[in-house]
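Novice: Single-letter residue listing:
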Amino acid sequence: MSQLERTIGAVLRAGVITSSFALAVGLVLQFIDAPGAQPLLHAGILALLATPVARVVVSIVGYVRERDWAFATLTAVVLLELLASAVAPLVFNKRL
Amino acid sequence: MPVVTPTLAAIIFAAGAVSGGFGALLGIGGGVLLVPFLNLALHLPFTVAAAISLTTVIATSSSVSAARAGKQLINMRLGMLLEVATAAGSLFGGVTAQMLAQSTVQKVFGVVTAIVAIIMLTRLQRRNVILDPDVEPGALGGRYHEEESGGTVTYRVKRLPLAMAASFVAGNMSSLLGIGGGFIKVPVLNAWCGIPVRAAAATSAFMIGVTATAGAVIYYGTGQLVPALAASAVLGVQLGSRAGMRFGQRASAMWLKLLMAAVLFVVSAVMFTRGIQ
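Line by line, the protein sequences give chains A and H. This note's numbering puts the first sequence at residues 1 to 96. This note's numbering puts the second sequence at residues 1 to 277.
Please note that the accuracy of each hint is not assured.
To be verified - A few chain A residues that don't get close to chain H, going by computed Cβ distances all over 10 Å:
(1) 31
(2) 34
(3) 35
(4) 36
(5) 67
To be verified - Pulled a few chain A residues facing chain H out of the computed Cβ check, cut under 8 Å:
(6) 6
(7) 9
(8) 13
(9) 16
(10) 45
(11) 47
(12) 77
(13) 78
(14) 90
What the hints assert, rightly or not - Computed footprint of chain A on chain H; a stretch qualifies when at least three of its residues, placed anywhere within it, have a C-beta under 8 Å from a C-beta of chain A:
(15) 3-10
(16) 35-42
(17) 75-82
(18) 91-102
(19) 192-204
(20) 219-226
Calculated from the structure, these hints are not laboratory results. A virtual CB, placed ideally from N, CA and C, is assigned to each residue, including glycine.
Please construct the entire structure, taking both the sequences and the accompanying hints into account.
Specialist: What follows is the structure, encoded as structure tokens:
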């Protein structure tokens, strides 16, 4: 198993555990009307959304280390597309 | 925006568990079941339903791929290359979703679900392609150990432009309809691009995390992603897909696929009818 694949597996696992935990606790807090539910739920969603992004970032670093410039560039393009999606609502926020 | 009550959260948790279970059992994402349930049965706006479903796609992709990483079944290089196309498709689809009327998206969903059902019927007997073990995998191909046969499967990737095009369409449908899009990519990668079905499915499951994220961040930014409802669905799907995978290893699922195809045709008809009303 390559180092990069191992790291990607670890990043995905950490992301799933973190987000599931935050979402579960946030949900419980919401229904017992405890404070901090909304921030925790948002944190859980952001951790969920950040996991694939972190996986892409880790891949870019891995490919750069391997001096695999073609794949470093391709994964950087994927990261740019994800960033474009993140800013798209600012441009197309007709329903806000 | 819907009012989040414990009852609604519990219903969505259960719906997530059922769709996640069937998804894992049949190797399709649960989104094609979850989205119509949220939209038609619970009367959530289509965009809200799609946003919830996309978060479950991300969670499934991350947990399944974490377990599989390093076992060679996921072709990471091919996945990263095709993600350039799926993420672009997803960005495009997510923006389109903001501009289309709900009835239009429902019609598209109806047509797409019918296609999923037809693909499912035509693939009832998956052929096991005998692959030449001496083939050179090339820059994008792969090699993995197959447990059933005990042999090593080696494959080359053919018709890359077709794989990229299918990935773009899959990404587009993913963020527009709130589904994973694997049912578009996997048959194309398997039938025309020379990739064994298990590698195609694992690579697709790996990719849909990025694909669905590109869509989900758009819904998050527009405020259409309701965190408490997404949390219920994500936790339900996690539970259901775990149960489905355990059961799926024992079940021979031909009749299940037939049942599922029938359910999808009904979903398709109902969704399409709602769209034209």
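Novice: None of the hints should be skipped; say for each whether it holds.
Specialist: How the hints compare with the structure:
1. 31: Incorrect as stated: the minimum Cβ-Cβ distance to chain H is 5 Å, not above 10 Å.
2. 34: holds, 13 Å
3. 35: holds, 15 Å
4. 36: Consistent with the label, residue 36 of chain A stays out of reach of chain H, its closest Cβ about 13 Å off (over 10 Å).
5. 67: Check passes; 15 Å lies beyond 10 Å.
6. 6: holds, 6 Å
7. 9: Interface hint status for residue 9 of chain A: holds (3 Å vs cutoff 8 Å).
8. 13: holds, 4 Å
9. 16: With a minimum Cβ separation of about 5 Å from chain H (threshold 8 Å), the hint on residue 16 of chain A holds.
10. 45: Holds, about 5 Å.
11. 47: violated, 10 Å
12. 77: Result: holds, 5 Å to nearest chain H Cβ.
13. 78: Result: holds, 5 Å to nearest chain H Cβ.
14. 90: holds, 7 Å
15. 3-10: holds (count 3)
16. 35-42: violated (count 0)
17. 75-82: holds (count 4)
18. 91-102: Satisfied; 5 residues make the cut.
19. 192-204: Since three or more residues must qualify, the claim that chain A covers the region 192-204 of chain H is violated, with 0 doing so at under 8 Å.
20. 219-226: holds (count 6)
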